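A.B. asks: So the protein lines, in turn, are chains A and B.
My numbering puts the first residue of the first sequence at 1, with every later residue one more than the last.
My numbering puts the first residue of the second sequence at 1, with every later residue one more than the last.
Simulated from the structure, these hints should not be mistaken for laboratory data.
Heads up, some of the hints might be wrong.
Here are the simulated PhoX-like cross-link-like pairs (lysine-lysine), alpha carbons at most 20 Å apart as the crow flies [unchecked claim]:
1) B:Lys68 x B:Lys103
2) B:Lys68 x B:Lys105
3) A:Lys58 x B:Lys68
4) A:Lys98 x A:Lys22
5) A:Lys54 x B:Lys68
6) B:Lys75 x B:Lys103
Cβ-Cβ distance ranges computed for the label pairs, FRET-style [said to hold, decoys possible]:
7) B:His194 x A:Thr235: 54 to 60 Å
8) B:Leu14 x A:Thr235: 53 to 59 Å
9) B:Lys233 x A:Gln244: 54 to 60 Å
Here are a few chain B residues that sit away from chain A, every Cβ distance over 10 Å (derived from the structure) [as the list claims (entries may be wrong)]:
10) Asn21
11) Pro227
12) Thr232
Keep in mind it's a predicted model, so treat the numbers as computed, not measured.
The C-beta atom is built at its ideal place from N, Cα and C for all residues, glycine as well.
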Amino acid sequence: MDALTGSLKMITNGSVITYILKGLGFTIGIAFFAVVLGIIIGTILALVRNYCNKGAAKIFKYIAIAYIEVFRNTPLMLWIFIGLVFFPSIEFPTEFTKLFELSRTEMAVLFKAIIALVLFTSSVIAEIVRGGLNSISKGQFEAAYSQGFNLPQTLLFIIIPQTFKNIVPTLLSQVITTVKDTSYIANIAVAELMGRTFQLIQISPRYTGFSTQNVSDVFVLCGLACVMYFAVNFTISCVVRKMQKPKKIKLPAKIEEV
Amino acid sequence: MIRLEDVHKSFGDLEVLKGINLHVAEGEKLVIIGPSGSGKSTLIRCMNYLEEPTSGKVYIHNHLMSHKRRAFINKIHSSMVFQQFNLYPHLTVLDNLTLAPIKLKKVPRKEAEEIAMMYLKRVGLEEKANVYPTTLSGGQQQRIAIARALTMQNRVIFFDEPTSALDPEMVQEVLDVMIELSHEKNFTMVVVTHEMGFAREVADRIIFVDGGNILEEGTPEHFFTNPTNERTKAFLSKIIR
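Okay, chain A solo, but in the shape it has when bound:
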């Protein structure tokens, strides 16, 4: 029991809890960045894969297919490691990295991991978008063509708005998956929630006053991470579900007989 009290004392320590909360901030920020870029790149990939069927444009279709299939069928972990070794190191200015309380090396490594996450997420989202595109009936295209819309206009004004309306639930579960996927970054960088939790577990004796590491440290820190991930993801699903509720349709007092 003493050990547990000691461990609990650790997370009431202001600097520890701030450190973890900043990690949570990184998790949310990275996931947001990956999802936004993932949706943009994924949508472009899906459109190219579906509709670049004519002549020379076909080469783009094959590139999109290769991209989607390679990243979707290989583990994210692998790409984070490949990225660490092979992606170019970006030299961020110190003023910029200071904002995030990271060193320039840490920032460069984190950036590579984020690129890997974006590559992976965009390929998954591309297939979600494509599923949505394929579910739109052919009649929608025909109606648009008969009115004089060309393919890009048809996609922009008629097909894509319907697609996104339809895929919100699937996209939402991918957002949640991406929040959780950020934890893979813990393998190469210490910035987001999971990485910081691991780090704190390793150095916990410094904060608990015991000279050894205790199971309760793991319990408390992992428990905290668990609560935080849950809170973020559960909030996202609740908000989206609320937005998803169909607009109330005014029904006429009596059904009209026409």
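Start from chain A and add chain B according to the hints.
C.D. replies: Structure of chain B alone, referenced to chain A:
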């Protein structure tokens, strides 16, 4: 107005149209009839290039149709009403009507909405302007679809079996709108339908299509009193009770 020259259309090995020659005059009301699978729907869909003919030429108002020019020609010359309505479900009725004029013809929104309301009134549904199409009955949706076709203010309207997907009691409300339209001299209407009463009342000319060929054409009087082709006779005897 519309001219088809030796139009062939094949789907794989199946030849659906076997060399159609047809001329539709400006203001003419042409009704296309024929058994299912005869190629009549393919024929009308070739006119605005929803199906691209395997060979042959299609002219709308002396513009030669092509894949590249389809959008341009359809925008300024023709509209279509479909069997399955094909309204845009993510837009309100009013937005369904104004989308193409605003985006394609660059009509100012306010003006486009006034035009749209005028046509909604004409099909008797102006009170539905702000609802979503899925909340409406089939007959109402089809009347909206007709209003949407009219809002483009093009001179040619294609009707591809506009009443075939409707519940029987809703057929008449749609036909009434179409009959009313047919009184306008400068509208060219091409209608694929099984509604013989409508054909008799509205058509200037009826063509009977079967097996990918036009087997008979003539005025409604000719068709319903003394058709000459055996196949036409058999078809009409089945469909008219």
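A.B. asks: Each hint: holds or not?
C.D. replies: Hint check results:
no., hint, result
1, B:Lys68 x B:Lys103, "holds (19 Å)"
2, B:Lys68 x B:Lys105, "holds (18 Å)"
3, A:Lys58 x B:Lys68, "holds (18 Å)"
4, A:Lys98 x A:Lys22, "holds (14 Å)"
5, A:Lys54 x B:Lys68, "holds (12 Å)"
6, B:Lys75 x B:Lys103, "holds (11 Å)"
7, B:His194 x A:Thr235: 54 to 60 Å, "holds (56 Å)"
8, B:Leu14 x A:Thr235: 53 to 59 Å, "holds (56 Å)"
9, B:Lys233 x A:Gln244: 54 to 60 Å, "holds (58 Å)"
10, Asn21, "holds (23 Å)"
11, Pro227, "holds (32 Å)"
12, Thr232, "holds (29 Å)"
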